[in-house]
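Undergrad: Residue-level listing of the chains:
There are 2 protein chains.
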Amino acid sequence: MYINIYPNTSEWNTLTQRPYKDNSLVSERVKEIINSVKQNGDSAILRLTKALDAPSLERITVGLDEIEFSKTRVSVDLKNAILLAKENITTFHTSQIKSEPKTETSAGVTCWRKSVAIQKIGLYIPGGSAPLFSTILMLGIPAQLGGCEDIIICTPPDKQGNIDPAILFTADLLGIKTIYKVGGAQAIAAMSLGTESITKVDKIFGPGNQYVTEAKSQIQSLGVAIDMPAGPSELLIIADSNATSSFVAADLLSQAEHGPDSQVILVTDQEEKAKQILAEVTIQLSELPRKSIAEKSIANSRIIILKDIESCIQFSNVYAPEHLILALDNAETYSEKIINAGSVFLGRYSCESAGDYASGTNHTLPTNGYAKSYSGVSVDSFVKKITFQNITKKGIQNIGPSIELMAAAEGLDAHKNAVTIRLNTIDNER
Amino acid sequence: MYINIYPNTSEWNTLTQRPYKDNSLVSERVKEIINSVKQNGDSAILRLTKALDAPSLERITVGLDEIEFSKTRVSVDLKNAILLAKENITTFHTSQIKSEPKTETSAGVTCWRKSVAIQKIGLYIPGGSAPLFSTILMLGIPAQLGGCEDIIICTPPDKQGNIDPAILFTADLLGIKTIYKVGGAQAIAAMSLGTESITKVDKIFGPGNQYVTEAKSQIQSLGVAIDMPAGPSELLIIADSNATSSFVAADLLSQAEHGPDSQVILVTDQEEKAKQILAEVTIQLSELPRKSIAEKSIANSRIIILKDIESCIQFSNVYAPEHLILALDNAETYSEKIINAGSVFLGRYSCESAGDYASGTNHTLPTNGYAKSYSGVSVDSFVKKITFQNITKKGIQNIGPSIELMAAAEGLDAHKNAVTIRLNTIDNER
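Respectively, the protein sequence lines represent chains P and Y. Every letter in the first sequence is one number past the one before it in this note's numbering, and letter 370, counting from 1, is 370. For this note's numbering, add 1000 to where a residue sits in the second sequence, where the first one is 1.
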């Protein structure tokens, strides 16, 4: 980790930049995959899955027998852990549901807004070396709280054509039975175009590698919505003199192990503390199973020393991190000043991995600076809010003349006429 | 308007399709414009604006003197109409603001979510033949209710280099003083890249022609968010036997005058009524100033006769219209069955133009079938919701073991370790 000591604010723009990556090759390959799925449907899907994941796969649909068998393959302890996480995620996301009252804006003009579930939802769940069953909870629970009934999952099979039992167990726990053994860009293509076996969905959620991310970006032009643009995972920690070095180091590494392109940043006003944390990182790193990955992302990462905690907060707001840990004595007070971040963890015991699994908040969050304008996934992500209005005779008499004037001033006379014809009819009824 | 009588549901997919438009030429031109603004900033902007809009323009910034002068050029009646619209839009959008409580998901684990304004907002306001000052109200009011302080407007000047006074008056009414005389793809490029005079923003809102729409789609990959993907405006009306033919015809035409590619659809179970409405359309069309535009979009539009109102509702849900008028006796009851639409207008007097200007609902809505997954603009569009969590010593003891199990099962040991190191420290403190 490179240490920057008291950089000028003029350097902040550079220091907050994410590493640029040319993905034009990925983009071309993804275009080919999407076209291939468009033209050949299921047969393209099966061919790609055999070539990339499971050579002997014969059908892409997960059978009910496989789901049943998965229940015997997950330990009771893990089942209980998943149940606790499910409960906390449900509790927190339930607090996001609110109905809105009808509002009379002028006499006789009543307007309201209603949340209606998005009909067809596709979840992409990464498999392979890290089978992210936790992501099923993070997407499936708010989807169901939002009222979505038609939810499908695509997840890549292993070499033998199997899906990790914890993924099947978690899907079954939420009652999601439609699961396909398809990964990568071909899964995204299938869910957005539809094939003989896989339904076309209205919105696709879930993390993935650069092919998945690029495919999600490309299929938006086909009329399918996505949860958010995605990039490598990131964490920024602001630490003060009382922060526990070993905790901060462990948190930095927990993010660094995601992938070689993950980015972790430590910002502090304590140079000595920064050195202690760096020493701890080196010690803990040496013992990690995913050491070779974490090493690479730690090499890309930075420590920034600034003159006070206020400046650290300002720096973080410019960076707009996906995850932000405030390892500060007065974390809750400082949290009031956070204006750009995905999810914020306050104090000594709020480690980022708590939010990844079981505290209740969502772990699907905006990366790559998108926290400036995007929110993480919530119940809102699975509904659209439709507005309604009911205008009475009295109502159109109240606001009609204003509409006529405004429409005429915008040069839209047919807009005006829709009001005039009603007002004239009301006049003639007298 | 082509009349389809009792089409099979197997034909609905075709009947709900929007006209396809190849925009590859537009796409290439927009790429060039974005590159040009990237390389030459203000000088590219000025060159393009002179070439496309105002040949003698010397500066792109609207002066305070121009804003002051505009106040003398708007009639008192129009000012009052704009004030009424402002009040109703404010009332309705205020009803969307809610704070959420803190939630204790497990003992010692507190999670909450807070709405924080997106910092820098750019509004694109079309000028030219239809100066859409109403769009300033529709975007500026929820932006300010969401807490946005830094709002800029780009709008194309006329041939003389002037902006319509109603646009300047409305912007001033909301206290928005930073206005640029720039239109088209170059305006979108400037707001997303930043130039010497124009600030780079975090999110861009507003309607526009196909160049503006394409530019908004392209700049998303630069890390700038947009309100929603856009297409030509559309209206679907469901009418029953008691619907007033002249009202329905006026509503169809109010949408048809937007542009030659607008789409209007009438769905009804009454063949005779459909013919009456069509006759009314012909009569009213002949008197419209924008007749030549409305004629073209009416030619592209359809009347669908189905066996009952239930089927009409189902058809509408497949089409997912931007605007939906329920010209029905029991409109409010039927409205419960609407699952895909941008904004719904109930009954005889709720004309679509009311929602365009003054009833209080927003007029920036999803088109092109996006109503299946997107909401219209609201206060939500101008904020992001950041999650926070505060976990106590007791809290991490409660949920920590579950996190350890889940992280280990996903093969993410550094995630596990961030918990283990804390639990061990707590144990050692005893």
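Just so you know, the hints here were simulated from the structure itself, not pulled from any lab data. None of these values were measured; they are calculated from a predicted model. Backbone N, C-alpha and C fix where the C-beta goes; we use that ideal spot for every residue, glycine too. There's no promise every hint is true.
Said to hold, decoys possible - Not close to chain P: a few residues of chain Y, all C-beta gaps over 10 Å, as computed:
#: 1; residue: 1007
#: 2; residue: 1021
#: 3; residue: 1022
#: 4; residue: 1082
#: 5; residue: 1098
#: 6; residue: 1106
#: 7; residue: 1385
To be verified - Derived lysine-lysine pairs resembling BS3-like cross-links, with alpha carbons at most 25 Å apart:
#: 8; chain 1: Y; residue 1: 1385; chain 2: P; residue 2: 31
#: 9; chain 1: P; residue 1: 200; chain 2: P; residue 2: 31
#: 10; chain 1: P; residue 1: 98; chain 2: P; residue 2: 79
#: 11; chain 1: P; residue 1: 21; chain 2: Y; residue 2: 1102
#: 12; chain 1: P; residue 1: 200; chain 2: P; residue 2: 21
#: 13; chain 1: Y; residue 1: 1337; chain 2: P; residue 2: 114
#: 14; chain 1: P; residue 1: 102; chain 2: P; residue 2: 86
#: 15; chain 1: Y; residue 1: 1275; chain 2: Y; residue 2: 1307
#: 16; chain 1: P; residue 1: 102; chain 2: Y; residue 2: 1031
#: 17; chain 1: P; residue 1: 114; chain 2: Y; residue 2: 1098
#: 18; chain 1: P; residue 1: 38; chain 2: Y; residue 2: 1102
#: 19; chain 1: P; residue 1: 86; chain 2: Y; residue 2: 1337
#: 20; chain 1: Y; residue 1: 1021; chain 2: P; residue 2: 31
#: 21; chain 1: P; residue 1: 114; chain 2: Y; residue 2: 1385
#: 22; chain 1: Y; residue 1: 1098; chain 2: P; residue 2: 98
Undergrad: Next, verify each hint and record whether it holds.
TA: Hint-by-hint comparison with the structure:
no.	hint	result
1	1007	holds (21 Å)
2	1021	holds (12 Å)
3	1022	holds (13 Å)
4	1082	violated (7 Å)
5	1098	violated (5 Å)
6	1106	violated (6 Å)
7	1385	violated (4 Å)
8	Y:1385 with P:31	violated (33 Å)
9	P:200 with P:31	holds (18 Å)
10	P:98 with P:79	violated (31 Å)
11	P:21 with Y:1102	violated (39 Å)
12	P:200 with P:21	violated (31 Å)
13	Y:1337 with P:114	holds (12 Å)
14	P:102 with P:86	violated (33 Å)
15	Y:1275 with Y:1307	holds (16 Å)
16	P:102 with Y:1031	violated (45 Å)
17	P:114 with Y:1098	holds (15 Å)
18	P:38 with Y:1102	violated (46 Å)
19	P:86 with Y:1337	violated (31 Å)
20	Y:1021 with P:31	holds (20 Å)
21	P:114 with Y:1385	holds (19 Å)
22	Y:1098 with P:98	holds (9 Å)
Hint compliance for this structure: hints 4, 5, 6, 7, 8, 10, 11, 12, 14, 16, 18, 19 are broken, all remaining hints hold.
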